[in-house]
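Asker: One-letter residues, chain by chain:
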Amino acid sequence: MEETRLAVYGVTGFVVLVTLVSGPLVGAVDLTQEPRGCTAQIGSGTADVSVESLPDSATISKGQFGAETYYLEVPDGSVRATNVSGQPILSYTISIPELSRSAGPTLFLCTHQSARQQLSIQRLTIDESELDADSYDASLTLLLRGDGEEITVREQSITVEVQR
Amino acid sequence: MSDSRTVSAADVSRVVARIHTRSVRAGRLVVGDQRGLALFLGSLCYIALLTRVGIFITDTYTTANAFVALTEGHLSIERAVFGPSLDTPGMHVVDGQLYGRNYGQLVLSLPAYWLLEGASVVADLRIALVAVWSLALLWFSVVLGRILDYRRAFALSGCVLALVLFLANVAVATPVPEAIVPVLAMQLTSILSGALVAVFAYRLVGYLATPRVGVVAGVLVVLGTPIGFWAPIPKRHVFTTLCVLLALFAFAKSRDPETPRRDLVHGGAYAAVALLAWIHAPEALVLLVTLVVADFASSPAARYRSLPVVGGVFVLALVPFFLTNFLIAGNPFVPPRLLRSFDIADAGSSVVDPGGADGDPTADPGSGGSGAGGGSIVESLVGLLDAIVTAGTTFVRLLVGGVETATERTSDLYRTFVRSGYVVANSGASEEAINLSVLESAPVLGSAVAVPLAAVNRLRANFDPRRLRDPRPATALAVVVFTALFTLLYVERLPLHAQVTVRYLIPLYPVSVVGLVLLTPIERVCRKETWTVAWTVAGGVLIGGQVVAAFVLSQGLALGEAFQFHALVGLGLAGVLAVGATATPYTDRFDRVVAGAIGLATAGTVVFSLLVVTAYATGLGRYPVDGGQLLPILRVLADLLSAV
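Chains as they are written, first to last, in this note's numbering: chain U, 5 to 168; chain V, -4 to 639.
These aren't lab readings, by the way, just hints derived from the structure by calculation.
We put the CB at the ideal spot given by N, CA and C, even for glycine.
Honestly, I wouldn't trust all of these hints.
Pairwise CB distance ranges, derived in the manner of DEER restraints [to be verified]:
1. Arg9/V to Ile46/U: 15 to 21 Å
2. Leu29/U to Leu635/V: 31 to 37 Å
3. Ser161/U to Ser115/V: 49 to 55 Å
4. Leu110/V to Gly47/U: 36 to 42 Å
5. Gln29/V to Ala119/U: 54 to 60 Å
Here are a few chain V residues that sit away from chain U, every Cβ distance over 12 Å (derived from the structure) [claimed, not checked]:
6. Val76
7. Glu427
8. Trp530
Here chain U stands alone, though its shape is the one from the complex (with noise of 0.2 Å):
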């Protein structure tokens, strides 16, 4: 009985212990910390982005369990950021002029990140009653954003296919 009790303070103490040493009063040590080093003014600085892959097809398809609405699937490309300074924005979007929609990720580009990036569309909702037709022009932009100017790294048409 008496090792249990002294395992039970035995803990507390510890856990109150480093609660205290890691707080500011004593400041013995800094256990928190942000997770990225990516500490420079956001939309700072520029980057050499090269095209890996893009998608050259997008579907429109109803959700399956009874979710009714229609996805917009968008296959992931990627791309080679190199020569990062700074912070600058990539933004990659999907837009379909027809449907009035867009969507697509804001990437901020730095140094401590792997060259290769992913882009990924997170999947858009639609409703089915603005389907009106059974593709749809799309477009796909990569913008580069930094130190005040914009580039379009490349801008290409896609096809969007409803499947009903």
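Since the structure of chain U is already known, use the hints to place chain V on it.
Answerer: Only chain V this time, still in chain U's reference frame:
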């Protein structure tokens, strides 16, 4: 010299001993006994797992900004600390000054804020939170060992678990953004209320049935209903649920002549109504009507002697509510929800992402601005009359609308309670099908099919109105009345978007669990097959959880698809349970099967809740105000498991 030193040492130890006895006594007042303590600590640890720090629905901007104003010592909101502007849903305006709502919840959250501010002086907040969580886990397993009489094994494994999880969390800890601390304080208070909901479900059922069944009820409430899901989200729903359970518990105790200080306890039930009014007045009206009806039906004539005490406690408990109203509207009887809304477009709130709106069904725009009165007594009385009339007519209108909905719009009812699927959003924007029905959210309520069967059985056996004077039938009556009125209050506007698990009806989940145990042979199942329930919950979460997670992750489902998949699984489990439950009033041969079905239904809700905080965390809103998962290991897990 040495003599005085001995005296002072004895003084210190005496003071320490007194503080210890006092805090033990205070603790016992809240959690009741060792089982209640275990349930409290266990629920706390579980809900903390499900916690993400941040704002998830736009009208929380309003309450969070109101809370910041409160921490600075004033009621009116001066700046938008959170959110894009002050034009957020639920913002009210009086004479050009802006005010929030749900002030009861905000005032109750103040101690947590001061505690966090104090803790941040001596400790890194994230480390402190992780430390508290680890120690709560350790304490939980020590108490569990005491209850199950395996002290050594539980204490030692608790030590190892707490230590390992503490170190793992510290290894991947990130700082808590300083700006989010007010929101975190609101969340911690809400988490505390969530754990207390489980405790009071246990104490209520434990008191009316047996402690063992009470524990099962408490566990079902925290694991098998969306209480765990909503407790970390700083909205009113879990607070209002706690008020309801407090009222029911006090009411149940007040039926028993043996209860010490019976009149005060009876008044306590009405004090819970007053507290609820401070948070959300229309819901308090439902609870008040419930209590009055149940009181009338179950009190012998002699009980009316206690009326002055009960009324006195009620009025006293209403003072903070009246005071807040007076300070804001200049009239003690006009709560913020009856004031003119600030939002020009009157658009209603929305889940930050994905879009949707929180047009509060109980807000009554028709009576806007009635509160800008002066301070004289006559005007106050006119205000009181006005408030009573407004509240009364709104209440009746909502109930009538509810009855109409229930009889005419059965498909909406079906979508709210049974099968959700895709609901076209009122806002017109396309939304993911992420709003589950009541049964899909809490499959354990599938056993409700046994209620009418058991009722017929019991009424045929013996019906004597005088039996209503006993605590158990009286409380069962209160549960039934509350469930009916509360459903009618909201059902007209349901199904709504931005609900996820029918959050407007959150108080109904624990109340239904209590009702099921009181009204149906589920009580017998829980008593006889306690361990079957326990082991199927554990097995369902550990094995079933992995199967579900593997499926969801491998299929690359979109958020709406994943939610609807869980909905179908939940519905299936509810169906199995419902079939089993129909047999329970007639035979106990299938009790083990029913217990297994209860366990699996509960596990289904746990798996869904755990996946929401990990696999679906990025899909269900990328929040502008976000401090990430409360526990760092869950953040890492979420990064690994991200499914949508």
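Asker: Does each hint hold? Answer for all of them.
Answerer: Hint check:
no.	hint	in the structure
1	Arg9/V to Ile46/U: 15 to 21 Å	violated, 60 Å
2	Leu29/U to Leu635/V: 31 to 37 Å	holds, 35 Å
3	Ser161/U to Ser115/V: 49 to 55 Å	holds, 53 Å
4	Leu110/V to Gly47/U: 36 to 42 Å	holds, 39 Å
5	Gln29/V to Ala119/U: 54 to 60 Å	holds, 58 Å
6	Val76	holds, 22 Å
7	Glu427	violated, 6 Å
8	Trp530	holds, 26 Å
Consistency note: the structure conflicts with the earlier hints numbered 1 and 7.
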